[in-house]
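Undergrad: Keeping the supplied structure of chain D fixed, place chain B upon it in accordance with the hints.
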Amino acid sequence: MAMTVHVDIVSAEANIYSGMAEMVIAPAVQGEVGILPLHAQYITPLSEGAVRLKLGNDKEESFYVSGGFLEVQPHVVTILSDTALRAHDIDEKAALEAKKNAEKLLSDKQADFEYAKAEAELAAAMLQLRALARLRKLKK
Amino acid sequence: MASGKEIRTKIASIKSTQKITRAMEMVAASKMRKAQDRMYRSRPYAEKIRAVIGHLAHAHPEYKHPYMIPREVKRIGVIIVSSDRGLCGGLNTNIFKLSISAMKEWQDKGFEIDLCTIGNKAASFFKRLGGNIVAQPTNLGDMPSLEDLIGAVKVMLDAYNDGKIDQLFVVYNNFVNTMTQKPTLQQLLPIKADEEDEKLVHHWDYIYEPDSQEVLDGLLMRYIESLVYQSVVENIASEQAARMVAMKSASDNAGNLIDEFQLAYNKARQAAITQELSEIVAGAAAV
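Protein sequences appear in the order of chains D and B.
At position 78 of the first sequence the residue is numbered 78 (my numbering), and the sequence of numbers has no breaks.
At position 281 of the second sequence the residue is numbered 281 (my numbering), and the sequence of numbers has no breaks.
Just chain D, same shape as in the assembly (with noise of 0.2 Å):
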């Protein structure tokens, strides 16, 4: 039987794969790579791409990447796939709308806020009612 090395490919919302595989082939930054068990330890990161498992008996599972990181133990392989695409431009478009959202939330002067703010002040004349009812309770 050939050698097989133990592949994981995670992501940070799932499990994707767990189990032996004869070879990996993962498209890194640099150029595709084929990793073979025993191989040195090597890390890099990956572009998007598809990620190959030789499983032996001519059989082969792919599986999609938008980006992540490969490392490499001599029996252990992992993979750490991206959830999403990354690059610079739309991390910073992420970025940006984050923050619109929290200047418009607090300019906002409406909606939510007001609605806050008159429950809180109805909370605290519940509590202002209820202590008169209990001071004219006593007096009678």
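No lab work stands behind these hints, which were simulated from the structure alone.
Computed from a predicted structure; not experimentally measured.
Wrong hints could be hidden among the right ones.
[Said to hold, decoys possible] If you want the footprint, here are the derived chain D segments under chain B, 3+ residues with CB under 8 Å:
#1 7 to 14
#2 48 to 54
#3 57 to 65
#4 100 to 107
[Stated by the list, open to error] Cβ-to-Cβ under 8 Å is the rule here; a few derived chain B residues that face chain D:
#5 Ile49
#6 Arg50
#7 Glu72
#8 Ile133
#9 Pro137
#10 Ile150
#11 Gly151
#12 Lys164
#13 Asp205
#14 Tyr206
#15 Tyr208
#16 Glu209
#17 Glu214
#18 Val215
#19 Leu219
#20 Tyr229
Glycine included, every Cβ here is placed at the ideal spot set by N, Cα and C.
TA: Positioned in the frame of chain D, the structure of chain B alone reads:
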């Protein structure tokens, strides 16, 4: 004593409330199970990255990433994770209590604070409080993906890179079990050196492509993101668990109320019948 009809309408209204709370309890229970699954699924990723980072930090003591170097604190960033909706017991209140006591402590020391709020409840609470909110992700819902958080986390990481903030914390509810959720304050940046990492003896080093710094930069960013994601998912599991418990006790209370009102109703009905009977008997005797 209230009349029979009044009591009957009250019982009917409490019964319909009980139906709603019972339905919410069931929905929360099934959502909690899903959230718990997601929580466990996301753990290996963070653990793996942590192991690799620990190794990298050890193999390259000469290259220290800014995320690993503690510096003098002037301004602190806090990511506050809360739920979008209420009706989940003291869950959000506990988070706010913890955040405020921590923030008070920092303010007493003269540190300024930047906030990133996740979830509507935190946003409206800290807005009312007058906190400096710098980022907020939108529309997370019950099944957030890491993608939704990247922007907000990047705002905080950029602030750290630019030296605007010197420490980054996250506050969230740690899911212990269905009955217990523990509000937790966790330091994200600078990354605290793990004692276990120190003990490891390394006889080997990775082959890096293209180079170690680039790998470390990318990994650290993803590590922080995965920690934030983990805390969000954990908070959602906590939210559903807390809601389930709160709704269960609401249904139980409604049941008790119904029993009490039913008793009062029966008594009122019996009294009315007795009175009517005695009136008829008295009338007959008079004739």
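Undergrad: Next, verify each hint and record whether it holds.
TA: Hint check results:
Here the stretch 7 to 14 of chain D counts 6 residues with a CB under 8 Å from a CB of chain B, which clears the bar of 3, and the coverage holds. Given as covered by chain B, the stretch 48 to 54 of chain D fails the check, having 0 residues with a CB less than 8 Å from a CB of that chain where 3 are the minimum. With 0 residues bearing a CB less than 8 Å from a CB of chain B, the stretch 57 to 65 of chain D misses the requirement of three and the coverage assertion fails. With 4 residues having a beta carbon nearer than 8 Å to a beta carbon of chain B, the stretch 100 to 107 of chain D meets the requirement of three or more and the stated coverage holds.
A hinted interface residue such as isoleucine 49(B) counts as satisfied when its beta carbon comes closer than 8 Å to some beta carbon of chain D; here the least separation is about 6 Å, so the hint holds. The interface hint given for arginine 50(B) is violated, since its Cβ lies 11 Å from the closest Cβ of chain D, which is over the 8 Å cut-off. The beta carbon of glutamate 72(B) comes no nearer than 26 Å to any beta carbon in chain D, farther than 8 Å, and the hint placing it at the interface is violated. At about 5 Å, the closest approach between the beta carbon of isoleucine 133(B) and any beta carbon in chain D falls short of 8 Å, and the interface hint on this residue holds.
Hint on proline 137(B) holds. Least Cβ distance to chain D is approximately 5 Å, under the 8 Å limit. Against a cut-off of 8 Å between C-beta atoms, the interface hint on isoleucine 150(B) holds, since the closest Cβ of chain D lies about 5 Å away. Among the interface hints, the one on glycine 151(B) holds; its C-beta lies about 3 Å from the nearest C-beta in chain D, closer than the 8 Å criterion. Proximity of lysine 164(B) to chain D is violated relative to the hint, the smallest CB-CB distance being about 13 Å (cut-off 8 Å).
Residue-level restraint check for aspartate 205(B) holds (minimum Cβ-Cβ distance to chain D is 7 Å; threshold 8 Å). Interface restraint check for tyrosine 206(B): the shortest CB-CB distance to chain D comes to about 4 Å, inside 8 Å, so the restraint holds. The criterion of a C-beta within 8 Å of any C-beta in chain D is met by tyrosine 208(B), whose closest approach is roughly 6 Å, and the hint holds. Checking glutamate 209(B) against chain D by beta carbon gives a least distance of about 4 Å; that is within 8 Å, so the hint holds.
For glutamate 214(B), the interface hint holds, the least distance from its beta-carbon to any beta-carbon of chain D being 7 Å, beneath 8 Å. The beta carbon of valine 215(B) comes within 6 Å of a beta carbon in chain D, closer than 8 Å, and the hint placing it at the interface holds. Annotation: leucine 219(B) was flagged as interfacial toward chain D, and the flag holds, the nearest CB pair being 6 Å apart, inside 8 Å. Nearest Cβ of chain D to the Cβ of tyrosine 229(B): about 5 Å, under the 8 Å cut. The hint holds.
Of the numbered hints given earlier, the model fails hints 2, 3, 6, 7 and 12; all others are met.
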